[in-house]
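Fit chain B to the known structure of chain A by using the hints.
Protein chains: 2
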Amino acid sequence: MKGSSPATPGGLENFTPKFDAQGLLTAVAVDADSGEVLMTAFMNAEALEATRTSKKATFFSRSRQKLWVKGESSGNFLAVEEILVDCDQDCLVLRVRLPAQGSACHTGERSCFYRRLPMNGPAKLERRLIKA
Amino acid sequence: MKGSSPATPGGLENFTPKFDAQGLLTAVAVDADSGEVLMTAFMNAEALEATRTSKKATFFSRSRQKLWVKGESSGNFLAVEEILVDCDQDCLVLRVRLPAQGSACHTGERSCFYRRLPMNGPAKLERRLIKA
Numbered sequence: 005m006k007g008s009s010p011a012t013p014g015g016l017e018n019f020t021p022k023f024d025a026q027g028l029l030t031a032v033a034v035d036a037d038s039g040e041v042l043m044t045a046f047m048n049a050e051a052l053e054a055t056r057t058s059k060k061a062t063f064f065s066r067s068r069q070k071l072w073v074k075g076e077s078s079g080n081f082l083a084v085e086e087i088l089v090d091c092d093q094d095c096l097v098l099r100v101r102l103p104a105q106g107s108a109c110h111t112g113e114r115s116c117f118y119r120r121l122p123m124n125g126p127a128k129l130e131r132r133l134i135k136a
Numbered sequence: 005m006k007g008s009s010p011a012t013p014g015g016l017e018n019f020t021p022k023f024d025a026q027g028l029l030t031a032v033a034v035d036a037d038s039g040e041v042l043m044t045a046f047m048n049a050e051a052l053e054a055t056r057t058s059k060k061a062t063f064f065s066r067s068r069q070k071l072w073v074k075g076e077s078s079g080n081f082l083a084v085e086e087i088l089v090d091c092d093q094d095c096l097v098l099r100v101r102l103p104a105q106g107s108a109c110h111t112g113e114r115s116c117f118y119r120r121l122p123m124n125g126p127a128k129l130e131r132r133l134i135k136a
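So the sequence lines, in the order shown, correspond to chains A and B.
The numbering used here numbers the first residue of the first sequence as 5 and each following residue consecutively.
The numbering used here numbers the first residue of the second sequence as 5 and each following residue consecutively.
Hints may be right or wrong, so weigh each one.
No copy labels: a pair is met if it fits in one copy or bridges any two.
Dumping the calculated DSS-like pairs for lysine-lysine here, alpha-carbon to alpha-carbon at most 27 Å [to be verified]: (1) 60 <-> 70; (2) 70 <-> 59; (3) 128 <-> 59; (4) 22 <-> 70; (5) 22 <-> 59; (6) 128 <-> 22.
If you're looking for bench data, these hints aren't it; they were derived computationally from the structure.
Bound-form chain A, shown alone:
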C-alpha cells in the first residue's frame, strides 16, 4: 500500500484515514511509559473524534455495533497522550496511561498479551510476565 497524503505548504500532511469496508481503523494501545502493547481494538470516525475530544480511548465494538468508552464499566480508562498514524493511514497507535494497578484486559491482566506461543513445538500457550 504505497502512496502518501498530499503535503500542505507548511510541511504537514493532511490526515486522510483509510477506513476499511466496515468503516474501521485498527487501533493498538501501548503503555506510554514502557511501550508495552496493552490491547488492540477498532475505531470508526466517531470513536476517533470522541477519543480526541475526551482524551479517553473510545473504540467501536463490532459485536455490539456501537461506541465503547474503554473502562466505562471497569474504571480502567485509557488516558490517551498521543496518537500515532501509520504510513497507510489505516492503523493507529495510542500511547496511553492506565490507572495505577489498572488492567487493560477484561481478564484482569495488565495487558491482553499475557501469553506467548512458543516458536517451536506444540501450539500450547505459556504465561509471561508483563513489565508495568
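Structure of chain B alone, referenced to chain A:
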C-alpha cells in the same frame, strides 16, 4: 469477547486462534529491544506456520491474496524472537529484530508510525522521532 481456551493438565492452554471471516489474525510487530511498534499486518494460518518455521515474519497480503515474507524484496526481514497472543486469540504481537539500520516501513522509515495526529486542533499529521 470473553472466555478462554481449555487448559491442559499441565496448566498450559491450547492455542485456538480466532481467525476472522477472511481467515486472518491481526499481527503487530514490535522492536524486541525498544518495544516500539514497527508495523501491523495480517496473518492467515499458513503465514503463522511459516513464521514459526522460518523465524521470519510472514504475512498474508490482502491486496495480493498471497503470503508475503516481509523483507523478501527489501532485505528488511523481521527476525521473530517471540509471539504473544491476546486474551481473545484474535491478535498477535511479534517481538522482532530488524537488520542494523533497517526499516520496517516501505517509505524507508524505521517504523510505519512515524507521524502523530495532534490531540487538539486541525487534523494535520506531524513527524515524530522514533527511538532505535
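Structure-based check of all given hints:
Proximity of residue 60 to residue 70 under the C-alpha cut-off of 27 Å is restricted to the intra-copy arrangement: shortest distance 16 Å within a copy versus 37 Å between copies. For a Cα distance limit of 27 Å, the shortest separation of residue 70 from residue 59 inside one copy, 18 Å, qualifies, whereas the shortest one across copies, 39 Å, does not. When the C-alpha separation of residue 128 and residue 59 is checked against a cutoff of 27 Å, the pair qualifies only between copies, where the shortest distance is 17 Å, while the shortest distance within a copy is 38 Å. Taking CA atoms no more than 27 Å apart as the test, residue 22 paired with residue 70 passes in both settings, with 20 Å inside one copy and 22 Å between copies.
Only within a single protomer do residue 22 and residue 59 lie at most 27 Å apart by alpha-carbon distance; the minimum there is 22 Å, versus 31 Å between protomers. Taking the shortest Cα distances, residue 128 and residue 22 sit within 27 Å of each other only across copies (15 Å), while inside one copy they are farther apart (36 Å).
In terms of the numbered hints stated before, the structure departs from none.
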